[in-house]
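S.K.: Respectively, the protein sequence lines represent chains S and V. At position 11 of the first sequence (counting the first as 1) the number is 556 in my numbering, and the numbers step up by one without a gap. At position 72 of the second sequence (counting the first as 1) the number is 308 in my numbering, and the numbers step up by one without a gap.
These are calculated hints, taken from the structure and not from any lab test. Hints are not guaranteed to be accurate.
[Said to hold, decoys possible] Over 10 Å on every C-beta distance to chain S, these chain V residues come out as not near it, computed from the model:
1. I241
2. I251
3. G253
4. S326
5. L415
[To be verified] Per the computed footprint, the stretches of chain S lying under chain V, defined by three or more beta-carbons under 8 Å from a beta-carbon of chain V, are:
6. 699-706
7. 713-723
8. 755-763
9. 767-773
Keep in mind the model is a prediction, meaning the values are calculated, not measured. All residues carry an ideal CB built from backbone N, CA and C; glycine is no exception.
Here is what each chain is made of, one letter per residue.
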Amino acid sequence: MPKNSIGLTAKSWAVLRKDIQVEFRSRYALNAILLFGVTTLTVVSFSVGQKNLSGELYAALFWIIIFFSAMSGLAHVFVREEDAKTATVLRLTADTTAVYWGKLGFNFLLLSLLEAVITPLFLMMTDAILHHFFLLLIILFLGAVGLAGATTLIAAIISKASVKGALFAVLSFPILLPLLIGVINGTTKALTATGGVTQASSELQLLTSYAVVMITASLLLFEFVWEE
Amino acid sequence: MVWKIVLLVVMTWVIVGAFILPAPQQAIGEASRIFYFHVPQAWVAVVAFLVSMVASVRFLRNGNRLEDDRARVAAGLGLLFSLLATVSGSIFAKVTWQSYWNWDPRETSILILLLIYGAYFALRTAVTEPERQARLAAVYAIFAFVTVPFLMFVIPRVLPSLHPSDSIVDESGSFAMSLETSVVFFPSLAAFTGVFIWMYRLGRRVTTAERLRIEE
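Chain S extracted, bound-state conformation (with noise of 0.2 Å):
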């Protein structure tokens, strides 16, 4: 439903885009996020130190990372406006969808960054072996999709509650296992020799379907949240 004659595209990339800018006013999700992987794969690495562990394990901790990391700074696109009193002007200006949109974008591109700085350093910290980096870059671009398709409306809600930090990681938990399982099983096969791409391809559509599911609910069920 366009008010007016630009569509709907552009106006997504208008929200994305000032959600960029006003981020790098402050870099406080870039921060927190990035410094919370960084801490927390030191925590693994110094554990497990030089040990030789199974891919099974290597992607099970990998994932433990990115989703506390994720935890720590994708509810922000969303407090943010609340804190800083704006979201009631970015209602009466950007169409609902939009809105969505954009700050799906943002955490996205949160999350890649994240995954981005992550992955080489979990690589060289530990004593992982990458057998099969298409399918490790595909799984990759497959949880971040599923992470912040399903937690920005969650982000959403957590804005309007009035405890917002252990609340964001309680109502994300549930929801995104079915996620967090695909990933590590599909992140175990690019680690280890055996796997690649053609023995992954459950783990595939699973995160695929994962996907369009909880981005498709939560563009029927965003409006409620937003919209008052």
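Starting from the structure of chain S, add chain V where the hints point.
M.R.: Using the frame of chain S, we list chain V on its own:
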């Protein structure tokens, strides 16, 4: 009134029948009698989730607070029954598999259900404004329900199951329950559903009364 008497009779039969008839799974032995109580509890936990989701959808459509009361009461009962199912299942797991917890697909699913219910009430307590609380809780209930197909179809394929799968259907997928088991199991399913409906109706009235008293 009549149905409550029927419920009393059926529930009495279930309790007596579960102990006097032969155990449903001879291979597992006496411990398998928990089947008569454990499966209906898990069933009610899932039904409550469904009721809560439907009421949440209706609340978002018409904004009637009565629907929110329904969603909240159903979620409360769902939390109770999923706890009961988890505990009874855990006891059974300890007896047969020597461990309270094995990350069996169904254990995983019920744990997620438990976490979702927990998160639902954590969210409710974190939002003070009643109208907003009702709306956010409804959105969360629906959003969480969307993940159910993934849990039902995906998790059993990834995690190996220890559950006695042949108690209701056999490996080929056809119905395989002995007559002696059926005459207790199906009444038990009906009786637990009846108890749920009774508790739900009482709870709904109490919740609505409390809400109206606060609003006055």
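S.K.: Using a Cβ cutoff of 8 Å, are there at least 3 residues of the region 767-773 of chain S near chain V, or does the coverage claim fail?
M.R.: holds (count 3)
S.K.: Verify this for me: three or more residues of the region 699-706 of chain S with a beta carbon less than 8 Å from a beta carbon of chain V.
M.R.: holds (count 4)
S.K.: Taking 8 Å as the Cβ threshold, is the statement that the region 713-723 of chain S is covered by chain V upheld or broken by the three-residue rule?
M.R.: Coverage by chain V holds here, the residue count being 7 at a Cβ distance below 8 Å.
S.K.: With d taken as the least Cβ-Cβ distance between S326(V) and chain S, does d exceed 10 Å?
M.R.: holds (19 Å)
S.K.: Please verify that the nearest CB of chain S lies beyond 10 Å from I241(V)'s CB.
M.R.: Holds: least Cβ distance 40 Å, greater than 10 Å.
S.K.: Go check the region 755-763 of chain S versus chain V for me, would you? Three or more residues, Cβ under 8 Å, otherwise it fails.
M.R.: Satisfied; 5 residues make the cut.
S.K.: Using Cβ atoms and 10 Å as the threshold, tell me whether L415(V) really stays out of contact range of chain S.
M.R.: holds (38 Å)
S.K.: Could you let me know if the closest chain S CB is still more than 10 Å away from the CB of G253(V)?
M.R.: Fine: 36 Å to the nearest Cβ keeps G253(V) off the interface.
S.K.: Does I251(V) really sit off the interface, with its C-beta more than 10 Å from all C-beta atoms of chain S?
M.R.: Holds: least Cβ distance 33 Å, greater than 10 Å.
Of the numbered hints listed earlier, not one is contradicted by the structure.
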